[in-house]
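**Q** Top to bottom, those sequences are chains W and U.
Numbers given in my numbering equal positions in the first sequence, counted from 1, plus 1158.
Numbers given in my numbering equal positions in the second sequence, counted from 1, plus 1158.
It is possible that some hints are incorrect.
Because identical chains share one entry, a pair is satisfied inside a single copy or across any pair of copies.
Restricting the straight-line Cα-Cα distance to at most 20 Å, the calculated cross-link-like pairs of lysine to aspartate or glutamate (EDC-like) are [claimed, not checked]: (1) K1300 to E1201; (2) K1300 to D1242; (3) K1205 to E1217; (4) K1300 to D1328; (5) K1205 to E1215; (6) K1205 to E1293; (7) K1348 to E1283; (8) K1205 to E1345; (9) K1348 to E1189; (10) K1205 to E1299; (11) K1281 to E1189; (12) K1300 to E1283; (13) K1333 to E1293; (14) K1281 to D1311; (15) K1281 to E1196; (16) K1205 to E1329; (17) K1300 to E1217; (18) K1348 to D1328.
Calculated from the structure, these hints are not laboratory results.
Protein chains: 2
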Amino acid sequence: MYRLYDFLPSGNGYKIRLLLTQLGIPFERIEVNILQGESRSLEFLAKNPSGRIPVLEIESSVFLSESNAVLLYLSEGTPFLPTDHLQRTRLYEWLFWEQNIHEPAIASSRFWIQHLNVAADRKDELQRRHRLGNEALALMEKHLSTQRFLVGDCYTIADIALFAYTHVADEGGFKLSQFRAIQAWIERIKAQPNHIPITYSNFQSFPPPTK
Amino acid sequence: MYRLYDFLPSGNGYKIRLLLTQLGIPFERIEVNILQGESRSLEFLAKNPSGRIPVLEIESSVFLSESNAVLLYLSEGTPFLPTDHLQRTRLYEWLFWEQNIHEPAIASSRFWIQHLNVAADRKDELQRRHRLGNEALALMEKHLSTQRFLVGDCYTIADIALFAYTHVADEGGFKLSQFRAIQAWIERIKAQPNHIPITYSNFQSFPPPTK
């Protein structure tokens, strides 16, 4: 059985939990308290040298890291990943944009506000990330005002990757109420079969109870 | 013919120039002066709403963005992209790690030092990025001390993606001389057929003159 090294509040971890659940793949979840340095232990660094969760152990001592790489690994050959070459490239664009622009702005702001004491000398940097995060949300808003999902007309791992930190952006100091198309997209995603919230952790029960 | 919207000093642009050249695909290069806001014009934002180069126009009005997504688009079906599922996932791991960890630390430091006047209030942030950049280089150093290339034993787009900003890291205030395995890897990459330096711009001549 797959084993997921994870931290429950993490959006990057949530991406993997959500996709595994929607694919009906059972897994064991192992909580790693990143706030207490557990992802920087020598034991953990042997699993992922960059010292970050999520890590998916797909067989004994074979570890996958980088949440969006794991999404691509798991979704190959499923309806969550388009087969058309150009559509798949559009999906790649969203996945890289998420890791390069969206996550550093929105997820970092949330992490700093929820878990760290943002010292006075980081306040400027937090403001800068809020500005970049609002630009990122505005870009999504414009795209989603004419599209039901991010790529084509289907729910894919691009939606999972962007949903993870977007739907909790308020916790990072953003105002989702300003973004109507994003809010409607969030509702469409929550209505997908076997959707689970980011706080769901009872993975002994498959499939998860539907609302 | 493909048309590449580009900025010559950009490592992200260089990735695409290098792969197109090594694949023997002719293209027209259009310089976009990002320092003068040319990537933020309404005309450019219609090509890429996130306002960044590189953008590859693959047919009239079909624009691809996100450098690593473009690498994946171009390399499909070529020796630059492994077909094995796990090997390909390893390659994805490097591409996402590059955009989430390596590039924000190393490329940003280089951009700030080479092109921007880093104001006093950003000095702390620059120091933080130097620390993260040195951690990233140490991770690559360890990996490359037992591997000739990043994924398997072959030169792939993972090497191109990481080479782009690593080989000019000195320009961002890093000391590559400390990293022997990285230096040897850089030399292996420079020895690949049809390699071009980041400063090469005479793409009217195909293939480029070999050294």
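**Q** Quick one: K1205 to E1329, C-alpha cut-off 20 Å, is that within a copy, between copies, both, or neither?
**A** Close neither inside one copy (30 Å) nor across copies (32 Å); limit 20 Å.
**Q** Are the CA atoms of K1333 and E1293 at most 20 Å apart within a copy, between copies, both, or neither?
**A** within (12 Å within a copy, 34 Å between copies)
**Q** Under a CA distance limit of 20 Å, which applies to K1205 and E1217: within one copy, between copies, both, or neither?
**A** Answer is within; shortest intra-copy Cα gap is 12 Å, inter-copy 43 Å.
**Q** My question is about K1281 and E1196: at a cut-off of 20 Å on alpha-carbon distance, are they close within one copy, between copies, both, or neither?
**A** neither (27 Å within a copy, 30 Å between copies)
**Q** Between the shortest in-copy and the shortest cross-copy C-alpha distance, which are at most 20 Å for K1300 and D1328: within, between, both, or neither?
**A** Within one copy, since 19 Å is at most 20 Å while 39 Å is not.
**Q** For K1205 vs E1293, is the C-alpha pair at or below 20 Å within one copy, between two copies, both, or neither?
**A** between (35 Å within a copy, 17 Å between copies)
**Q** Given a CA cutoff of 20 Å, do K1281 and E1189 count as a within-copy pair, a between-copy pair, both, or neither?
**A** Neither, since 30 Å and 36 Å both go past 20 Å.
**Q** When no copy is named, should K1205 and E1215 be tagged within, between, both, or neither for a Cα gap of at most 20 Å?
**A** The answer is within: 9 Å in one copy meets 20 Å, while 40 Å across copies does not.
**Q** Are the CA atoms of K1300 and E1201 at most 20 Å apart within a copy, between copies, both, or neither?
**A** Answer is between: at 17 Å across copies they meet the 20 Å cutoff, but 44 Å inside does not.
**Q** Is it within a copy, between copies, both, or neither that the alpha carbon of K1281 lies no farther than 20 Å from that of D1311?
**A** Intra 40 Å, inter 45 Å, cutoff 20 Å: neither.
**Q** Within a copy, between copies, both or neither: where do K1300 and E1283 come within 20 Å Cα-Cα?
**A** neither (26 Å within a copy, 31 Å between copies)
**Q** Can you give me the call for K1348 and E1283, within, between, both or neither, at a CA distance of at most 20 Å?
**A** For K1348 and E1283, neither the intra-copy (32 Å) nor the inter-copy (37 Å) Cα distance is at most 20 Å.
Against the hints set out earlier in the document, violations occur for numbers 2, 7, 8, 9, 11, 12, 14, 15, 16 and 17.
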